[in-house]
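Start from chain S and add chain Y according to the hints.
Residue numbers (numbering that gives the first Met the number 0), protein chains in the order written: chain S, 0 to 192; chain Y, 0 to 72.
Hints listed in this document are in silico derivations from the structure and should not be mistaken for laboratory results.
Heads up, a few of these hints could be off.
Derived DSBU-like pairs (lysine-lysine); straight-line CA-CA distance at most 30 angstroms [to be verified]: (1) S:Lys10 - S:Lys155; (2) S:Lys10 - Y:Lys43; (3) S:Lys106 - S:Lys56; (4) S:Lys10 - S:Lys153; (5) S:Lys153 - S:Lys106; (6) Y:Lys43 - S:Lys153.
Please read these numbers as outputs of a predicted model, since none were measured by experiment.
Spelled out from the first residue to the last, the chains are:
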Amino acid sequence: MSSARIKLEPKLLPGDLAIWFFIFMELLVFGIFFISYAVMRLLNAEMFQQYQLTLNKEIGAANTLLLITSSYFVVRAVHAIRQDRVVSCIHWIYAALLGGVGFLILKSVEYYDKFSAGISLSTNTFYMFYLSLTMFHFLHVILGMIILAAIAIKAKRGAYSAQNHTGVETGASYWHMVDLVWIILFPLVYIIR
Amino acid sequence: MMALTVSTYIIGELDYYGMTAVLFLLLTAIIKGSFIIRDFMELKGVSFLWRAIMFGWLWLVCLGILISYVITV
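Extracted from the complex, chain Y is given alone in its bound form:
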């Protein structure tokens, strides 16, 4: 998680932009978010409904950000 955070910062510092950078950043956020939901929040093994709500939120928000970015480009 720390390494992914540092990589996010480096992308910003090196001023990378464009679709590839955005995809990497959002994928990184999804990986970190999934780790927090599954392991920190301990939703691994919890009933499907709760997991669907949490992971659904994570994916929908990131997808929304991606779509808005695609429209901008």
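Next comes chain S alone, as it looks inside the complex:
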């Protein structure tokens, strides 16, 4: 009897299918934003080169490390709830939220520095792209943190377990998307010259 080749069924997407369509739409918008930035940079190379130097690379790098770490904490939260370790899941989500708070604080410091120097969306094309792109991402970080906080609250009320944790996976997928977008945004806006 020939050994039957067991065809592995593909895994399901983690979390709700709906969140993935939301993620795809968000990525589409950010993708168009990134390409628009790259094309505008093409048309205003000198100006972009000049004003890019005014950006705070240290804060940009620190925020990248914060988001990656926070994303890793969310991975640990998902693994914990799959093993029915609810308290551990909640603690990992708190740690991820701390990373998000750190990101928002550093970002606000960066914006304060720019705004107090009189820079705004209408200063020039570079700053218009820099501010609108990073603010758009900033709002996504806030939304992601609201989702994570809601998950922590529901988890405390016993809503999640090893048998029922779709909500945790859904929130986790969104948070990872926020991280994924920043992974492109940081080199594109702060570093590539």
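The following block gives chain Y in isolation, referenced to the frame of chain S:
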């Protein structure tokens, strides 16, 4: 991922630019992005369609950035 992020920062700090630097930066972003998609988002083993959408987005965006940079140079 952390080391790749630090290397991206160092390239910026040392003010490296030009095609080699851009290729390295975009390759780094693709590696980190792939890691997030495959391991953090857990799309490893998910049906081809979803993986194609996510990895396709990552590669297309980075390719678009590279092409725009090549045209600038």
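Here is how each hint holds up against the structure:
| no. | hint | result |
| --- | --- | --- |
| 1 | S:Lys10 - S:Lys155 | holds, 28 angstroms |
| 2 | S:Lys10 - Y:Lys43 | holds, 8 angstroms |
| 3 | S:Lys106 - S:Lys56 | holds, 12 angstroms |
| 4 | S:Lys10 - S:Lys153 | holds, 26 angstroms |
| 5 | S:Lys153 - S:Lys106 | holds, 29 angstroms |
| 6 | Y:Lys43 - S:Lys153 | holds, 28 angstroms |
The structure fails none of the hints (numbered hints given earlier).
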